[in-house]
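Engineer: Residues per chain, in single letters:
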Amino acid sequence: DAGVTQSPTHLIKTRGQQVTLRCSPKSGHDTVSWYQQALGQGPQFIFQYYEEEERQRGNFPDRFSGHQFPNYSSELNVNALLLGDSALYLCASSPRLVLTYEQYFGPGTRLTVT
Amino acid sequence: GIQVEQSPPDLILQEGANSTLRCNFSDSVNNLQWFHQNPWGQLINLFYIPSGTKQNGRLSATTVATERYSLLYISSSQTTDSGVYFCAVYTGQGNTPLVFGKGTRLSVIA
Chain A
4 DAGVTQSPTH LIKTRGQQVT LRCSPKSGHD TVSWYQQALG QGPQFIFQYY
54 EEEERQRGNF PDRFSGHQFP NYSSELNVNA LLLGDSALYL CASSPRLVLT
104 YEQYFGPGTR LTVT
Chain B
89 GIQVEQSPPD LILQEGANST LRCNFSDSVN NLQWFHQNPW GQLINLFYIP
139 SGTKQNGRLS ATTVATERYS LLYISSSQTT DSGVYFCAVY TGQGNTPLVF
189 GKGTRLSVIA
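Chains A and B, in that order, are what the protein sequence lines are. First residue of the first sequence: 4, per my numbering; consecutive thereafter. First residue of the second sequence: 89, per my numbering; consecutive thereafter.
Treat the hints loosely; a few may be bogus.
Quick list of simulated restraints, FRET-style, between CB atoms [what the hints assert, rightly or not]:
#: 1; chain 1: B; residue 1: 138; chain 2: A; residue 2: 43; range: 26 to 36 Å
#: 2; chain 1: A; residue 1: 68; chain 2: B; residue 2: 166; range: 22 to 32 Å
#: 3; chain 1: B; residue 1: 89; chain 2: A; residue 2: 16; range: 22 to 32 Å
#: 4; chain 1: A; residue 1: 73; chain 2: B; residue 2: 180; range: 24 to 34 Å
#: 5; chain 1: B; residue 1: 167; chain 2: A; residue 2: 43; range: 16 to 26 Å
#: 6; chain 1: B; residue 1: 136; chain 2: A; residue 2: 16; range: 32 to 42 Å
The hints are simulated quantities; they were obtained by calculation from the structure and are not laboratory data. Virtual Cβ for every residue (Gly too), placed ideally from N, Cα, C.
So here's chain B without its partners, still in its complex pose (with noise of 0.2 Å):
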């Protein structure tokens, strides 16, 4: 099956400083979504991002589906962005299971 690879797995950041996380995948994808788990389990959506670029806020995504990679980035870090970022994909066509990654896992530290 399809092969997602996340990388760094672990990144500490001083706060106020940008990061981007990347995100690889081994086969052609229809869409791909990022989220952030906090502390608590939750996963919080992110973007839905099949190609192209997005921003919310400080946050900002970029798929480029034809070369198999996406990247996060992540500017002026916050303590509250702390957790696990994950990066899953849709393989098939409609509404077919997600595919995720290990993960990075991010500290802001004040």
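Excised from the complex, chain A in its bound form (with noise of 0.2 Å):
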């Protein structure tokens, strides 16, 4: 049984590019978030997509935007990037039409703008 993957692993931009990372959520899983987690806290909540839709976002700028694909995997953009979106950042998956939602975390990618 496949867990969650992103990819890359890690990932060096400098400031105001943009970046593109994915995420493949866990086998049976059809909802997909994505956290934010700056070094030393705990993650943040950016969005969440199920149905190739946005359906919950985070006190995130309209820099950070997404996509969900038919096969459920995600993308996560950010355009302009800052010196303060260095981070960790990770993707959840979970079952949405079940009684248990528990998450399941992907292993990160960790992003340094320079």
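Hints in hand, dock the two standalone chains.
Structural biologist: Written out as structure tokens, the structure reads:
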């Protein structure tokens, strides 16, 4: 049973550039959530996708956008990168239409903005 | 929004010792998860525990939702238990976002 996968593992970008991160959910899951984890902090919710639409959004600017594909995989896009966007980006998947909706996390993408 | 507070922030243990990590939350929650984040950043699911007590090997967890806290017990700690332990809560009905605490950093020394 494949777990949540993310790519790339690490990424270095320059301020002002754009970046795309990718996530494949755990088998049987249809909901994908993205979180940002700054150094020394707990993860913070960015947004959640199911049925290919953004359903919930945290307190993040419009520079953060996403997409979900028919196979439930998802992308996180960040435009006009700032130094403060340097963080570990975590993807979580869960099943939506079941009684228990435990979230499972991928290994993360570590983004460094210089 | 809901506040999730974890204590202690840091903990150093000798191998073989026991510990209790605490998670307090400021409002009612529908569910709660405990995670262990390893040194590579991977969040590993420990418990999905809306109430009551669960055990998994040397780890156990108790959530008392009516009193707004959860406890994670680690017995006979091992060096591989080192890392950061996070408590995260679901605030709404259904598949809502997780709200995390700041974590407890555990170091187990041989």
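Engineer: Would you mind marking each hint as holding or not holding in the structure?
Structural biologist: A quick look at each hint next to the structure:
no. : hint                       : verdict
1   : B:138 <-> A:43: 26 to 36 Å : holds, 28 Å
2   : A:68 <-> B:166: 22 to 32 Å : violated, 42 Å
3   : B:89 <-> A:16: 22 to 32 Å  : holds, 30 Å
4   : A:73 <-> B:180: 24 to 34 Å : holds, 27 Å
5   : B:167 <-> A:43: 16 to 26 Å : holds, 22 Å
6   : B:136 <-> A:16: 32 to 42 Å : holds, 35 Å
Comparing the model with each numbered hint stated earlier shows that hint 2 is the single one that does not hold.
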